[in-house]
Amino acid sequence: MQQILKLLLSIVIVVITFIASATLAGMMAEYAGWWKKPVIGGVAAACVVLSGYWSAPGHKLYFAAAWLVIGAVVAGVMSEVFMYGEDANTQVPLYITYASGFATLAICWVWERKQFAPDQ
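Just so we're aligned, residue 1106 is where the sequence shown starts under the numbering used here, counting upward by one.
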């Protein structure tokens, strides 16, 4: 039962992290005058994978990978639903989002390897 509660808490943490990171990244991009969609996607992808890794009740790398897949599907859907004039005929924001998620998962993998590596 305690594992289920930890899993539910992890889900809540990831969802709140997604909303907060996407909102703050959008505000930062707007203030800086940058193209918002790739900034929001890249920051949100990294934050979702990291928060999924850190808050997972166990098997952290698997949870981070699962959140990457879930996030990739959500990003694909959202990129079609929230199409802006500046995004016409390009998939660059989506590719940046995917790249950010994969890079963050790779960082988590390195942390995992270092954490469980035998001392030399």
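Be aware that a few hints might be false.
[Said to hold, decoys possible] Below 27 Å or equal to it, Euclidean Cα-Cα: the simulated DSS-like pairs (lysine-lysine) are:
{"id": "1", "residue 1": "K1141", "residue 2": "K1219"}
{"id": "2", "residue 1": "K1219", "residue 2": "K1111"}
{"id": "3", "residue 1": "K1165", "residue 2": "K1111"}
Hints are computed from structural coordinates only; laboratory data are not their basis.
Sort out whether K1111 lies within 27 Å of K1165, counting only the CA atoms. 12 Å, holds
CA of K1219 to CA of K1111, is that 27 Å or under? 25 Å, holds
Against the 27 Å threshold, does the CA-CA distance of K1141 and K1219 hold or violate the hint? Given pair K1141, K1219 is violated - Cα atoms ~35 Å apart, limit 27 Å.
The structure fails to meet hint 1 from the earlier list, while all remaining hints are met.
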